[in-house]
Each structure stands twice: as structure tokens, then as C-alpha cells.
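S.K.: Those sequence lines, one after another, are chains A and B. Everything in the first sequence is counted per our numbering, starting at 1 for the first residue and increasing by one. Everything in the second sequence is counted per our numbering, starting at 1 for the first residue and increasing by one.
It should be emphasised that the hints constitute simulated quantities derived from the structure, not laboratory data. Everything numeric in this text was worked out from a predicted model, so none of it was measured. Worth double-checking, as some hints may not be accurate.
Claimed, not checked - Here are the computed distance ranges between Cβ atoms for each label pair:
1. B:53 <-> A:41: 54 to 62 Å
2. A:55 <-> B:25: 44 to 52 Å
3. A:233 <-> B:45: 32 to 40 Å
The beta-carbon is built from N, C-alpha and C at its ideal position, and this holds for glycine as well.
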Amino acid sequence: MTSRLQRTSDHLWLSLACLFAVFPVLFMLVTSFKTRAMLYEPTRILFEPTLSNYKAAIVQYGLLNYLKDSLIVCIINVLVCVVLGTITGYALNRFEIRHKNLITISILSSRIFPSIALVIPFYLIGIFVHLLDTYTIVIIVFLTFNLPFAVVMMRSFFANISSDTEEAAMMDGCSRLGALFRVVIPQVKSGLFATAIMCFLTAWNEFTYVLFLTSSKVHMISTAVVFFKTEQGILWGEVSALGIVAVLPVILLCFLTQRYLVRGMV
Amino acid sequence: MSQRKTATFWLWIAPSAFPLGLLGTLPVLLLAYISLTSFELGYAWSDHRFVGLANYTRLFSGREVEFWPALWLSLFVTIVSVALKTALGLGVAVILNKKLRFEYLATSLIILPMAVNPAIAGLMWKLMLSYDFGIVNAWLGAVGIPKVVWLGQAWALFSVIVVLVWMHFPLSALMILAGLRNIESEPQQAALMDGCTPRQAFWLIVAPQLLPVLLSSSVFQAILAFQAFGPIFTLTGGGPGDATTILPLYVYKTAFNVGSMGLAAAAAMVLIAVTSLLSAAMLMIGGRRQRS
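The shape of chain B in the complex, shown without the other chains (with noise of 0.2 Å):
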């Protein structure tokens, strides 16, 4: 009984869990197979010679002058950017949460940028930074404060994060409205009672309790802080110079203009290391969420 039930069971699952499991694990055996090879694009696939592990040797030894500043570069933005989404989603969160007049349009709006195609979202804050068609120049004119070149060397970093934080702020406020909706209201209310004021109350009694959900909330971002390409390619394109050159912009780089693909391969091996690495602190933190 049981087994033909197992059998049934995989009988409806299949049509899901095979194009799926080639899907998820043909291309990342793939590349990880191109990352061992001198593989290089314009080439016919069988001139490549297996090389063991030197393109990772080549990577992490420093000969390959542009890897490491990425990978710190990529850090920093990841880092950053998350703090502000977290910030700000949270602020935007507890206002939310305290059922003002216009919640449902106010929640509208600010999901507007989840909406909005990544690579265009770039193209967006591109029009509004650039130097002669900015309104954010314009607006500095306006108090007497001199044009800003947002897009070159001294800018662009803060530029690319101020996109990122844009992009995602929402997702960050949506996740952690949800949270405190689980929190239930009566020990709040009851220090409130007690003589604290809000603001006690708030970070004595609401705020550990939102903690994990901060905690995946802020995972989840650094996933998509951490693989973001779209939005920069079309901003900075990783420039000037590399000023701008997170790890996928490196890897995008490496494959597609320098075309080495073997080296490519190892550098995106390394992206998929750190998401997955990730990827598996947050089921941890949701599954100590749910025994809980």
C-alpha cells in the first residue's frame, strides 16, 4: 500500500522534478566542469584542455589583478545596501503598521518598484542622475549647490546603491509588516499601561520579538544585493572603470567580453558558493522561526 502510494506520489511529482532537477543541476555541473577548463568563447568547444584547479589559483592568488577588488567591492555594496533596505523598510513598516487613512494606497506606491524590470530601473536612475538631463542636478542647481557627475569615479558607487536600496527598500517593508502583524499587541499594550512610553515599548518588547524576521529579511536582501546585474549593467555597466565592478559584473566581463570563460566559470562558481551559503542561513533562521 504504502509503496504504490510512494509510486503515485512520484508519478505526479515527475513532470515537475525532472525538467526541474536537469534544470537545477545540469548547468551548475556544466560550468562547474568549464571552470576547470582554458575554455574561451569564440573557440569551438572541443579546442578546451582540462586545467585542473588553475583558474581558481589564478583568481584567488591575486594574478588575477581585477577578482579580489570585485569580491570586496560586492561585499561593500551587499553590506551597505542591506542596512539601508532594512533601515528604511523597517521604518516604513511600523508606519504602516499603525493602520493610518491611506495604508492600502500607500502600500501601492511603495511596491511600485518591485514592478519595475531591473535593467529599466537602472535606465530610470540613469535619466535622473545624468548630468545635463538630471532633475537631481537640476535640483542642486536650483539651492545653488554645483552639478554633481553622479555616474563618475567619486559617485558611482553611491549611485549603484542608491538603485539597489530603490529596488528593493519595498520588499524588505512588505516582509517585515508581515512580521509585526504576528506580534501580538496585549504585552505592548500592558507595558504601555505600566508607565513605558512607545518608544520603550518598541524596542523593549516589539523589537526582539522582530528580530528574525529582520534577520531573513536582511539574508534575503544580501542574496539579491549579491547577484545584482541588471540594474548596474545599465547604470555604470560596472564603470567607470571598475568602480563599479561587483562579482557579476566581473563575471559578466570576463565571460562575454574578455572571453574567458574558464576563468569566468571559476569566479561565477564562487558567486554561487556565497548565495548558497546564504540561501541556506536563511532556511536555518526560518526553520528555527517556525519551531518557535
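So here's chain A without its partners, still in its complex pose (with noise of 0.2 Å):
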């Protein structure tokens, strides 16, 4: 009896930890679909849904531009925090090296820096390099972030593999970088898939150094909605519409991911 409770307790206080999770996506979702007129009337879910909003975005706001930008400083940065992670991460685990432990940490330090700190002098070197407002530096700056995660990541699925295979490859006359390309890279195609997954997600999202490294010829989505605001206020319906074509994607890759998400965030 007493389990019986403490199930539906529990299942209770589960949903409640839910719904407050969902609900402010799935307000913004349901506002994008509003008129106007209707954004008085916040708790109205039953209406015509238009379409507007998402009209507006793409026309009036250029969202596909702001896509764009932001597909291109996250593939290639994805690209190379992969290709440079899978050669470090394979080194580091393979390797019998002193200080390893070491080399890791000091790997991993330059993630821990807060981005409102770093930007200022970044904000200077764009200024000094002449490279302000380019894909060149966003994708350079994104790597302070998104390489030592790779390298670390990589490192972690080649130590669940054996080294078996790559040294008999290697003793077939495979160097160690054939090797590392034609027998180990297929057996951890998986981690490898989820490292660039999360590397662009981290990178689609990252919001302080977009803000001051870019201005008005690279536009990214994270700060598309921020220069949202007219006379009249902010325009929920239009910054919804936004906000959900921002949000929904990485929402879909981080459920695909699931499973490796707390590995990489410690």
C-alpha cells in the first residue's frame, strides 16, 4: 500500500520536474503561433495557429542569412575541434608518456575562463589583426571552448577499445596514423559521431563572444533575437518564431546524444 503511494508520489513530483523543464519552450513555441492581437491572452491555447511570425523572420529579419552564418562557423569548427581531438585524444590515450595527467589538465584549462572575461582581449586581438566581425575569428575563438572538450571526449572512447587490432595493422607495415584511420577510427564511429554532435551544439549556442566579436557582416542566430526590440517593445510573436528556429534543431540533436552527456560535461 505504502509503495503503492510512493509510486504515484513519485511519479507526481516527476512530472512536475518535467513540465517546469518543457513549459517555457513550449510557451515560446505556442506564442509563435499567436497574432498580435492574441499575445494578451497568454493562457489561450485553442486558436488558429498563423504562420506570420515565421513569415516575418525569414522575410523582414533574414533569418535564412542569420542559419547560415551560423551553419558555417559551427561545421568548421566541428570539423576541426574532430580531426584535431581524434589525434590528440588517440596520443594521449595511447601513449605511455610522463606527465600525462598533466598535459590533460592544462589541455583542459583553457575552458574553464569565463567568456565575458576573455572577450575583451579577443575583442582587442580582432581589433589589432583586423579580423572583427569574420567567420575566421569566431570559428578561432570557438576552439577555446570546443577542442579541449574533443580532445577530451576522444580520448575517453579510445580507452574503452582495445589496441589490438591497430598493432597487428602495424605490424602489417600500417603507420600509426594509417592505422589510426583504417582500424581504429571505425570502432569508435559512435563516439566520434557524438563528440561533433555535442561540439555543435556548444558552438550553436555559445552567446557571449558572438555578441561583441561579431556586428553587421557575420550574423549567428544566438544573437539574432537580441537586437529584437522596436519602439513598441519587444515583439514577442516575431522573437518567439525566432527563438524556436534557434532552439528546436539542438533540441533534437541533444535527445540523439542523450546517453553521452554527462561524460563530456565533466
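Since each chain comes alone in its own frame, lean on the hints to assemble the complex.
M.R.: In C-alpha cells form, the structure reads like this:
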């Protein structure tokens, strides 16, 4: 009897927690389908949805441009991170070397500094080398958090597979790099995929660096919504449409990599 | 042999180590240097003067009146939000660990805030808490409570903490859940056989073993809370007035609104010092956990 009561209360609390987690996203989703007049009825959920906010976001506010720039920056950054992370992560796992932990920690150290602190020198460097507001600076600066992450993730995946096959391949005349690409990487394909997705997620959602290092030439989705203030205040319908477009794809990606989330965060 | 091995090792590490070494040290060194100068935004870099520790004395002596309040506010927000995130995360983790039927679905829904862009998270809550368009005020109205100005002087700090908890409690839940799954269940079963209530068994047997996990998740959360910028930037912008200007927002305002880069850099160095200390603490906790 008590156990059934317990079970019911567990379900109840868990549902509440889920509702708390999901509700703000749902509310924004619903708002994005409302006309401006309907915004004054926040509790109304039965209405004829309108696509006018999405249309305005695309036609008036250049949503597709934002998506294009974000995709370019994130994909190039992820490719660099995955290639370099694989090579370094592999070496960190396979080579017998002293101070390996120290090396790993120093590789990770560039990740711990707050972006709002580092953006000041990066902004200045951007001025010095005339790279402010370009793809290049954003892609490079994003390496500070994504590359260490990729290295550590890949290292942990290599730790899970034995070195027998690559040793066999090297006996047969393969170089170590050749063995890595031909024999080892096929075994960590899913890990590689997860690493790439999580790097993409982090890059897509990065805000501080984008806010200060880009302005009129590079438009990225994570800052698109911020500049959406007019004299009439915030246009919540359009903002919600932009926000949903920015958030939904990564939420779907996040579900794909659920299993790996804890491992990567710490 | 061993020397050649070391050389090959560095050859493999170099493509990552070189850019990371550069990206990890150069900006911090430059920031440290800026913090010792009078550099102002909008002036040529060559106009800066070296002023020694003047920026730091100005910050810590209280002549820069916004600094200490920002630092204390940061501390307050960090402590309160970490406590709430950990409590909520622990509750969720304990329930998820019971292997209920909808566990996978529930986990998927719980982790959703982790995928949301921090700036958009701030906007989502700004919409929810909006005076006219917000659903929170609409609900309050439905039960007869007058509308609240959630982003006004009285409630803005509370709203900021709610957003931070929303964004980061899933991470606590996941970390604690992983910790719970590593605890062996036999001692707990034995205690239950011997007549302990489940609650006693949890607090006497599970909780002590969970302590290191709780500690490291709390420290990690503290790092996140202490450097939170995006959500607060979009939710309140540090306002009204300075009501929610925690240290990262102080750095932003000083650097890019006021333009006092030197002063902002000094404050940013304080931010870096605090987060580095917290990270070191986390490494030590992690190290001890691995050894035991």
C-alpha cells in the first residue's frame, strides 16, 4: 500500500519537474503561432495558428542569413575540433608518457575561463589583426571551449577499445596514423559522432563571444533575437519564431546524444 | 628509444596543443596587461598608459562604488542558485534512479533546458514573466492574486535565480544520477532487511556515499553560476538599475558601455581568479574520488 502511494507521488513529482523543464519552451512555441492581438491572452491555447511570425522572421529579418552564418561557423569549427581532437585524444590515450595527467589538465584549462572575461582580449586582438566581425575569428575563438572538449571525449572513447587490432595493422606495415584512420576510427564511430554533435550544440548556443565579436557582417542565430527591440517594445511573436527556429534543431540533436551528456560535461 | 617516443608523442599532440596553448595563455596575459593600463574603448591602443595596480586599488578600495555590490551579488546568486539546483537535481535523480516506467522519456524532457541557447533561455523567461503577456501573471490572476512586476526592483533577482536554476538543474540531476548508479545496492538492501525504513537507509547509507558527487556537482554549478552572462543579459540586462548586476554584467557594462577597458579587465581578472579556484577545488575532489 505504502509502496503504491510512494510510486504515485514519485510520478507526480517527476511530472512536475518535467513540466518545469519543458514549459518555457512550449510557451514560446505556442506564442510563435499567435497573432499580435492574441498575445494579450497568454493562457489561450485553442486558436487558429498563424505562420505570419515565421514569415516575418524570414522575409523581414533575414532568418535564413542568420542560419547560414551559424551553420558555416559551427560546421567548420566542429570539423577542426573533431580531426584535431581525434589525433590528440588518441595520442593521450595510447602513448606511455610522463606527466600525462598534467598535459590533459593544461589542455582543459583554456576551457575554464569565463567567456565574458576572455572576450575583452579577444576583442582587442580582433582589432589588432583586423579580424573583428569575420567568420575566422569566431571559428578560432570557438576552439577555446570545443577543442579541449573534443580531445577529452575522444580520449575516453579510445580508452574503451583494445590496441590489438591497430598493433596487428602496424605489424602489417601500416603507419600509426594509417592504423588510426583505417582500423581504430571505425571502432569509435559512434563516439566520434556524439563528440561532433555535442561540439556543434555548444558552438550553436554560444552567445557571449558572438555578441561582442560580430556585428554587421557576420550574423549568427544566437544573437539574432537580442537585437529584436523596436520602439513598440519587444515583438514577442517574431522573437518567439526566431527563438524556436534557433532552439528546436539543437533540442532534437540533444535527444540523439542523451547518453553521452554526463560524460562530456565534467 | 624513450626519447624518440617522447618526440613522436609531441608531434601527435602539437596540432591541438599549439593552438590551445596560444588560445589559453595569450588572451589571459593580454587581459592581465590591460588590467594594468588606462586603456579606454574608442581610443587608439597606442594611447594607453601603464598605471600599475591603480585599477585594482580603485576596485577594492570601494572608490568604484559598483564593484563590491556586484561581487556580493554574484556570491549571493551563486550560493542560492547552487543550493536550489542541487536540491532539485537530487530529488529528480533519486526518483529517476527508481527505474519507473517512463524513465527514458522523463530524462529526455528533463534535459531539455540544457540544449537551449542561454540568451534565448533568458528571453523565454522574460516572456513567461512579462507583466502583460506573461503566463505567470495570468495564472496568478486566475486565482485572484494581483499581477507582479517580476522584472522590477523587488523581484528581478528572484527571477534571475529561477532562470539559472531552470537552465542548470538538469545537469545536477544527471551528475547525481550517475553517482547514485555507482553506489552498490547491497548495504542498502541489508539495512532494509534489518528493519531500517527506506528513508533511514537513504540518509544513513546512500547519502554519505553520495557526498563527493554532490560536492563536485555543486562546485561545477558554482562555476557556471558565477560566470552566468547570457540569460541575465537578455532577461534584465543587469537592471533595473544595478539590481541584478552580478560580476559578469559589471565587467560587460564597464568594458563596453562605459568603455573603461582597464578597469573592466581588472574585474575580469577577479572573475578568472574565482573560477580558477573553484576549478582547482573540483579537480581536487575528483582526484580524491578516483583514489578512494
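S.K.: Which numbered hints are broken by the structure, listed smallest first?
M.R.: Checked against the structure, no hint fails, so every one of them is satisfied.
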